[in-house]
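Chain by chain, the residues run as shown.
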Amino acid sequence: MSVLRPLDRLPGLNTATILLVGTEDALLQQLADSMLKADCTSELKVHLARSLPLPCSVNRPRIDLIVFVVNLHSKHSLQSVEESLCHLDAAFFLGKVAFLATGAGRDSHCSIHRNTVVKLAHTYRSPLLFCDLEIEDFRAAMAQRLVRLLQICAGHVPGVSALNLLSLLRGSENPSPEDL
Amino acid sequence: METQSEEQAVTKPADSGGEGGPPQVAGAQAVRPEDRMTLLLRLRAQTKQQLLEYKSMVDAHEEKTPEQIMQEKQIEAKIEELENEVEEAKTAFEIKKLALDRMQLSTALRKHLEKVDIKTSVLMNNMKQILNLNKLIMKSQQETWDLEEKLLDVRKKRLQLKQASERKLSEIQTEKNKQKDDLDSMENSDKIKTIQQKLETEIQITTVIQHVFQETLQISFLKR
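Line order of the protein sequences matches chains A and B.
Count the first sequence with UniProt numbering and you get residues 1 to 180, in order.
Count the second sequence with UniProt numbering and you get residues 1 to 224, in order.
Be careful, since some hints might not be right.
Claimed, not checked - With a Cα cut of at most 27 Å, we get these calculated DSS-like pairs of lysine-lysine:
#	chain 1	residue 1	chain 2	residue 2
1	A	K75	A	K119
2	A	K119	B	K73
3	A	K119	B	K180
4	B	K139	B	K150
5	B	K168	B	K180
6	B	K150	B	K135
As the list claims (entries may be wrong) - Some residues of chain B that are not near chain A, with every Cβ distance over 12 Å (derived):
#	residue
7	L52
8	Q74
9	D117
10	E143
11	L147
12	V212
Calculated directly from the structure, the hints in this document are not laboratory data.
C-beta: ideal position from N, C-alpha, C; glycine also.
Could you put the whole structure together from the sequences, leaning on the hints where they help?
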């Protein structure tokens, strides 16, 4: 069982790699396309996966950011994400992991409560982003945001590190999800 | 239990030379070295940042992580403690940076002032202007304060006048009431009753005397 470690490989020159993990293939593909269309000075590599662990046979570059996409309409996606989280090295959670919850717009179809993902993100001390990936404009905006996040996590922005960003993002979150 | 999952990779080539991807004109040879320079500088900054991150990870791993299994609550508390430490380190760093910047700024300013002729420098003009404005501000603030004091005095006097007039009016009222009371009491007093009785007796005596005189006059008329 291979555990994904954040720094076990050397970074490629001017390259940033993001791994999108989620059960919704179509949404992931669309998000990947939006990200590649976004403006970025570094070379972007987007890897998609349904779940971890990743097959060892593939020669892949150092992964800078992992985004777990949870679809609020299906409990299966949340389960698969939770199972995948075990295959990550703890060092990843120092800013290189983010959760993305989609489908919050259509409240009637939501089978997972919003608080569940909030608690999940809080347990793993990672930022939680909300976006309706089915809507083009929101997807493009989220893709842009993810590209910026990726650049910081890959070390392409001098002066800001992933951990720094994590504490910055934490400051603007709602305080104490224990109140929920 | 291993679940082999599929993986797909999608890539995008970097914009040539960096920002914005301007169209490569064949004749613009001068543009290429510029772009290369910026690319190199950017790569340098990137590599520096990545090196910093790796170094800090190495330092972090040298610290012993606690191996014992802690309870969930303890873990939560420990995590929050560490997070607070990170925040404190960040703020301390920011403050130190500010202090350093301030020191650098003041030395640069001092050097600049030493170099430049004091009478004509723009900086001195600015500072003189600032001083003048400050004086004006202080003067007008003082004036405002004085005016407010005057206003306050006038208001106080008005209040005092009002209170005095209130008192006078209430005094008048009490006087009137006293008079009315006196009048009422007078009607029921005993003195008046005795006077009334005496008056009645006097009236009776006078009527008797009147009758007597009338009789004598009638008798004298009859005797003629």
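Verification of the hints:
no., hint, result
1, A:K75 with A:K119, "15 Å, holds"
2, A:K119 with B:K73, "15 Å, holds"
3, A:K119 with B:K180, "84 Å, violated"
4, B:K139 with B:K150, "17 Å, holds"
5, B:K168 with B:K180, "19 Å, holds"
6, B:K150 with B:K135, "23 Å, holds"
7, L52, "7 Å, violated"
8, Q74, "15 Å, holds"
9, D117, "39 Å, holds"
10, E143, "45 Å, holds"
11, L147, "46 Å, holds"
12, V212, "116 Å, holds"
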